[in-house]
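Visitor: Chain residues, written in single-letter form:
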Amino acid sequence: MLILVIAVVVRNVTHRLITRVVNRAGNSTSISGRLRRGGPSTDGIDILLNERRKQRAETMGSVLRHVASIVIMGTAVLTVLDRLTIPIAPLLTSVGILGVAIGFGAQELVKDFIAGMFMLMEDQYGVGDVIDSGAAIGTVEAVTLRVTRLRDADGRVWYIRNGTITRVGNESQGWSRAYIDVPVAYDADVPAVRALLGRVAEDLWNDPEYRESVIVEEPAVFGIEQISDTSVIFRVSAKTLPSRQAEVARELRMRVKAALDGAGIALVA
Amino acid sequence: MLILVIAVVVRNVTHRLITRVVNRAGNSTSISGRLRRGGPSTDGIDILLNERRKQRAETMGSVLRHVASIVIMGTAVLTVLDRLTIPIAPLLTSVGILGVAIGFGAQELVKDFIAGMFMLMEDQYGVGDVIDSGAAIGTVEAVTLRVTRLRDADGRVWYIRNGTITRVGNESQGWSRAYIDVPVAYDADVPAVRALLGRVAEDLWNDPEYRESVIVEEPAVFGIEQISDTSVIFRVSAKTLPSRQAEVARELRMRVKAALDGAGIALVA
Amino acid sequence: MLILVIAVVVRNVTHRLITRVVNRAGNSTSISGRLRRGGPSTDGIDILLNERRKQRAETMGSVLRHVASIVIMGTAVLTVLDRLTIPIAPLLTSVGILGVAIGFGAQELVKDFIAGMFMLMEDQYGVGDVIDSGAAIGTVEAVTLRVTRLRDADGRVWYIRNGTITRVGNESQGWSRAYIDVPVAYDADVPAVRALLGRVAEDLWNDPEYRESVIVEEPAVFGIEQISDTSVIFRVSAKTLPSRQAEVARELRMRVKAALDGAGIALVA
Amino acid sequence: MLILVIAVVVRNVTHRLITRVVNRAGNSTSISGRLRRGGPSTDGIDILLNERRKQRAETMGSVLRHVASIVIMGTAVLTVLDRLTIPIAPLLTSVGILGVAIGFGAQELVKDFIAGMFMLMEDQYGVGDVIDSGAAIGTVEAVTLRVTRLRDADGRVWYIRNGTITRVGNESQGWSRAYIDVPVAYDADVPAVRALLGRVAEDLWNDPEYRESVIVEEPAVFGIEQISDTSVIFRVSAKTLPSRQAEVARELRMRVKAALDGAGIALVA
Amino acid sequence: MLILVIAVVVRNVTHRLITRVVNRAGNSTSISGRLRRGGPSTDGIDILLNERRKQRAETMGSVLRHVASIVIMGTAVLTVLDRLTIPIAPLLTSVGILGVAIGFGAQELVKDFIAGMFMLMEDQYGVGDVIDSGAAIGTVEAVTLRVTRLRDADGRVWYIRNGTITRVGNESQGWSRAYIDVPVAYDADVPAVRALLGRVAEDLWNDPEYRESVIVEEPAVFGIEQISDTSVIFRVSAKTLPSRQAEVARELRMRVKAALDGAGIALVA
Amino acid sequence: MLILVIAVVVRNVTHRLITRVVNRAGNSTSISGRLRRGGPSTDGIDILLNERRKQRAETMGSVLRHVASIVIMGTAVLTVLDRLTIPIAPLLTSVGILGVAIGFGAQELVKDFIAGMFMLMEDQYGVGDVIDSGAAIGTVEAVTLRVTRLRDADGRVWYIRNGTITRVGNESQGWSRAYIDVPVAYDADVPAVRALLGRVAEDLWNDPEYRESVIVEEPAVFGIEQISDTSVIFRVSAKTLPSRQAEVARELRMRVKAALDGAGIALVA
Amino acid sequence: MLILVIAVVVRNVTHRLITRVVNRAGNSTSISGRLRRGGPSTDGIDILLNERRKQRAETMGSVLRHVASIVIMGTAVLTVLDRLTIPIAPLLTSVGILGVAIGFGAQELVKDFIAGMFMLMEDQYGVGDVIDSGAAIGTVEAVTLRVTRLRDADGRVWYIRNGTITRVGNESQGWSRAYIDVPVAYDADVPAVRALLGRVAEDLWNDPEYRESVIVEEPAVFGIEQISDTSVIFRVSAKTLPSRQAEVARELRMRVKAALDGAGIALVA
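Residue numbers (full-length UniProt numbering), protein chains in the order written: chain H, 1 to 269; chain C, 1 to 269; chain D, 1 to 269; chain Z, 1 to 269; chain L, 1 to 269; chain U, 1 to 269; chain E, 1 to 269.
Calculated directly from the structure, the hints in this document are not laboratory data. Please read all numbers here as calculations on a predicted model, not as lab measurements. Accuracy of the hints is not assured; some may be wrong.
Where chain Z lies over chain D, by a calculated footprint (3+ residues, C-beta under 8 Å) [stated by the list, open to error]:
#	stretch
1	115–128
2	207–220
3	246–255
4	263–269
Taking CB as the label site, the calculated pair distances span [stated by the list, open to error]:
#	chain 1	residue 1	chain 2	residue 2	range
5	C	Ser69	U	Val67	48 to 54 Å
6	E	Asn50	U	Asn206	57 to 63 Å
7	D	Glu58	Z	Val8	36 to 42 Å
8	Z	Ala153	E	Thr230	26 to 32 Å
9	D	Leu4	E	Leu17	35 to 41 Å
10	U	Val67	L	Ile70	37 to 43 Å
Incomplete in silico selection of chain H near chain C, CB under 8 Å [claimed, not checked]:
#	residue
11	Leu109
12	Trp158
13	Arg250
14	Lys257
15	Ala266
Virtual Cβ for every residue (Gly too), placed ideally from N, Cα, C.
All chains should be built: construct the whole structure from the sequences, respecting the hints.
Guide: Next comes the structure, spelled out in structure tokens:
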């Protein structure tokens, strides 16, 4: 009896310890999270981050508490059986043989859980982020310790085991870059075309619909990116808010086409 | 004798415990299941989901009960043999050597079962869903703990081991997206074409045969998706009910072609 | 002596148990087998399925009986040696070192056997089925626990280890689908072509040589499957008996060509 | 001394047992071998098969006898050392550490031997067969338990480890199929071309140089295998003796070209 | 009690030892770091390197201290339990079974940490370097023991597990090379073109905006790099400061085009 | 002391045994080696083979002697320590932990050595042979138990670990085959072209510079190897001495071109 | 105390033994190194090789000394603890569990070190060699036991783990080969072109700037390397000093072009 009482006490103490450690870890990563996102941290984002942090802390705390419970209570039960002079060797043997057989097969499962735990702790991505997980690209719909659920652009829902994700590309952190390549004829007037593209970039930057609400830096025109016997390729590039690059690229294409048409310059293959 | 009686009692208690836990898990995931499917949850779908939930609960309960039976009865038999002073070391040894030899080879089997169990628990897909399992794309015909049976568009039946599925794309959850790319000549009137495509999209949305019964959101016309020296490409996109995207895309192609023919605009390569 | 007598008795009881369990399993899967094949289950097919079931039951029963014999007799021999106070530790050691050395290398073998056993139990394919095993596509000529023997269309015989087959596509279950793509000129009369193709499909369905004896559903004409600046592609699709799709596709090509020639419509690239 | 005498007796008994079992296995697989090759089993082939069977039986018997010798004599030596109260623990330890270190590296070797043994037992291929082993295609020159030696068409000699062969395609069993694709103009007279090709096929079949001595079934003309805007493709197919397909395909090309030239029909791209 | 006191003392001594060793290692690698970067080591860079060195030393010291703490305190606790005659076998058993199950799954984690530790110790890259990690190319934003965080040119943030990086290419160490290929017509005057390109290279080298502040060596013109029936390809190459090669290549293209236009020489495909 | 004396005696006996066995193995494989090379075995080749055989025997004997020495002396040392009542358990433990840690990493090394040993024993290739090892093709410069050193056609020296070579193609055994494909116009006179090529083949065979000193069999002209709408492809094939095929193919091209030019027949694409 | 003294003595003896063995190994491989490099071994090269040999000997000696120290001192400490009747079982247990957990993850590390050690011992490459490591091609800048550091042609620095290098191609040993392919028109005068190319090769060989100081053998003109309907391809090949092949190929292209221009022969596609 006493053994069981002690076990319960130890378990409770361990649980409280885990809760406190996890909470502290949650708080500290939330600071780095705020820094990482850059820009003025409005209250709305702060609250969102707070919630994600709390969820993370809870998920991990719950896992650790379960593991601790299993270890402590298992030890207690074995000790009690031992004291009652019930032979536990056969039990251990039969569990052991099964355990090894299953252990090999379960390593992928453990791998998934460990990957999921670290991924959460490092806050690599959260619900709503657009990520490239290798197997599929899409918006995160749910994150659990074992799998990540995405929805791609076609509406397909992807379940991806966390352990199979060796690298993740997150398109929703900080900024994205939109760029378009503009090939003009080899004998085009290079400085004139460059100036024309520069004016398009400046106009976009001065457009109140885009400035800072979508584009975060004045667009730039790079020089001759490539050259062939028939064409000279310029590149126009714009830094945008995360995941807005497709929209900005479409606007840039529209404006560059209009400007080139106005100046009587044709694109070439 | 007493040992065997106790073993049977323990087994029964464990069985009942497993049944209760599994049922509770089934109930809770069913709620998330309803949420995940989105839209008004009619009674028909509720019943379908209920049945899938029950099947899941039964499958997993049965597995866990078998494992528990083997562990408990094996321990009991060994204990009895031990009490009868029959030496069990040789038995354990011969089983052990065979066990290790088989254990290595069986890890793939265990992997399949574990993957299948979690896949069921997370309700990643069910009979009737159209999924992309990597090895094959098709309609799920049967789901067991070890293999998933699909039938692809050619009528071929695929047996895929669950452990080899590292990511699954499910096309039957929530919505799908149909889109078609419309390339017109470089010197076409960009705003006019865009307006024309917008009217096609609006007509489709207003067609009672499609509105909400097939298409769940007003179709949209994106701007210049790509640009080359001979063509400008627009994209028309429509959100549809799951797995209806091919049908909607065909209808869109038909309507866009008619509209372009009416306006005397040709597609270009 | 007594030990050996008991061992033989235990072995016989175990053998009889295995035989009974395997037979029962065989009977139950045969029912699901009948269901899976769909359609009216004539007596001929019933007999065929019965035979496959019996073979399966025998194969697996034989394997399990061998394993049981080895375990029981091995234990008995060790126990006898132990009672005769012959030291068995050296024997176990020398077998153990060799066993571990071989165990690692033999895991592929065990994997093949396990895969073969489940494949048989689940009746994924049998002699005469046309399957796609990944490594080769062909008609199954023999199925053993370790390898599957196929013959492909060129007459090449393939031996494929069961453990290397992670997914199998069986073309001989239920139905197959034949489809042909018909590209016509961009400015062709879309409804007229569709109607023409519809008449071809209807004629094929009404042809007593094909209806139900080969084709199991009225062929369908899908709308515009693809569209380019020069062509519009229609698709004609027909559900056929298993493995008859190539034959039906050839007939469809013949009839569609004749109909298009009659209507003066040309195919385009 | 007595121990060693007993060990030698046990070894001899085991050897004789192995020899008998292996011989019996050899006989039984030879029957299946004869069946598998199909056709009238002439005496010459019977003798050839008998020899291959004997070689197989010898190879495997020798392997098993070696393994049995090592186990039995090793046990005997350890027992003797034990009786002489020489401590064998250090010996076992130093062998054990080395054994584990080597065991991991040797698993590929064991894998090769196991694969070779089963390959021989199942008679997947023998000296003189043309096989596709994945790594190389060629004529088998030698088969050992560890490697298979091929010579490819360029005269290159390939050594392939048996364990790396996951699937083997044997072109020398039963029959092969030769086929050629004949693309004619889209507006060619389909039935006339088909009849012409049919006559070519019939002529080849009636040619005493080919009938049955090379070709084992009347060649067939399949219908429209593919169709495009410029061509209609027919396929002519002939079942030949094993590994004779290249020769028959060349003859078919020669005859089809002559027939088409005679009828004034041109091939198209 | 005494045991715990000794454990704490041992722990503290070990901690101090680790700190000293790590610091010394940090100092020595910093020297090689300075050498590796080449060029005059200004004070600014020295400070930067010093800071990176200190961070590295701290990271590794902290890891080693944690490991030492766990080993020492774990031993102490077990010894205490042992002395109190509390049976620790059950505890070890339950931890052991769990440990093995987790150990297999955790090997990837350990691999990541080991890779990270050595990567830090060898100073392969640091925050701000542009690296090619195989999975993604970008600027390093953060380096931890488990993952490296990059931001690529599109603004996508990549999390890459250190253990999956088998080779790293660092573009920010020492120098980079810019080169452009100049294809001229086959019948062009080879020595004249070479002289012309040589003048372009010399002009760039003499331009105060580039000399030594961007380009670190006089650009060179290689001879005929490739030759075909229509063109002769020359290569112009310039050694630049790290990560400045794109900029220099654009300037070179601009100048080469101007020079060729001036001399009336056209590029060819 | 006595123990050490006995150990040395056992070691010497084992060494002599190994030497004798290895020598015998060397002799027997040399016979098969001679057979394998085919053709009249001149004395020069015999001597070369003898030397390779001796080297092989020495290499392997040396390896086996080292292993035997380590096992025997290690056992002796442990036994002595044991008799001196020095506790060897701690030594074994510390060696064991290190051993397991290293054993996993060393398995690739062991794999290389085992592969090298068998490769030598089977005489798959020797210094001077041209081999295709998968990773590189070239002339063998050195063969050790761990790596094989090749020099490829560009003069690059390749070090390839023996364990990574799963299949080897040896171009220097027996014979090689040179062949060239000759595409002529579709309407060319097929029998005339075939006769012309036959004459070229006969001339080459009758040329004393090539007959038997380079070419080992009369060259053959295969029939129509491929056919298209514009061309008919013939193949001329010649069996040559090992590694002489490139030279013969060049001569064949020269002669075929001259013959076709003489007959006014052009090649076609 | 005595135990520690003995341990220190044993350690020192072992260290001295290792130093001597490693030095001897260094001396012997240096001889083979000199032979391998071919050509007259000038004193400069001898000194360079001597230095590389010494570095190798030191690196390996240091590693072996560390391992020996750890084993010997670890054993001594455990023995002391054992004599002081301090229970070492708990320590071993806690270290053991951690050790196994880490051992799995560390196997890649051990693999890297073993690969590095053998690579050094076999002197596969050294600082300054140009190597193809699979992952990257470049000049070796540093070689450590764990990683090899290269700098490629773009100035990128590559860190490659030694264990991931399964084959290495070293371009700096002995000689390299430069070759260029010269395609001329199908109806060109084959012997004349061959003679012309032969004169170019001879001129290059007689040029004192190249003869023996760069090119080590008279360049050769191979016959018709390839033939098509429009072109005949000749190949000119020259053996050069290591890593000088690009330079020689450029010179050859320059001279061949001049010669062909002089003779009025054009290249063809």
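Visitor: Would you mind marking each hint as holding or not holding in the structure?
Guide: Going through the hints against the structure:
no.	hint	result
1	115–128	violated (count 0)
2	207–220	violated (count 0)
3	246–255	holds (count 4)
4	263–269	holds (count 4)
5	C:Ser69 to U:Val67: 48 to 54 Å	holds, 49 Å
6	E:Asn50 to U:Asn206: 57 to 63 Å	holds, 59 Å
7	D:Glu58 to Z:Val8: 36 to 42 Å	holds, 40 Å
8	Z:Ala153 to E:Thr230: 26 to 32 Å	holds, 28 Å
9	D:Leu4 to E:Leu17: 35 to 41 Å	violated, 57 Å
10	U:Val67 to L:Ile70: 37 to 43 Å	holds, 39 Å
11	Leu109	holds, 5 Å
12	Trp158	holds, 5 Å
13	Arg250	holds, 4 Å
14	Lys257	holds, 6 Å
15	Ala266	holds, 7 Å
Checked against the numbered hints given earlier, this structure breaks hints 1, 2, 9; the rest are met.
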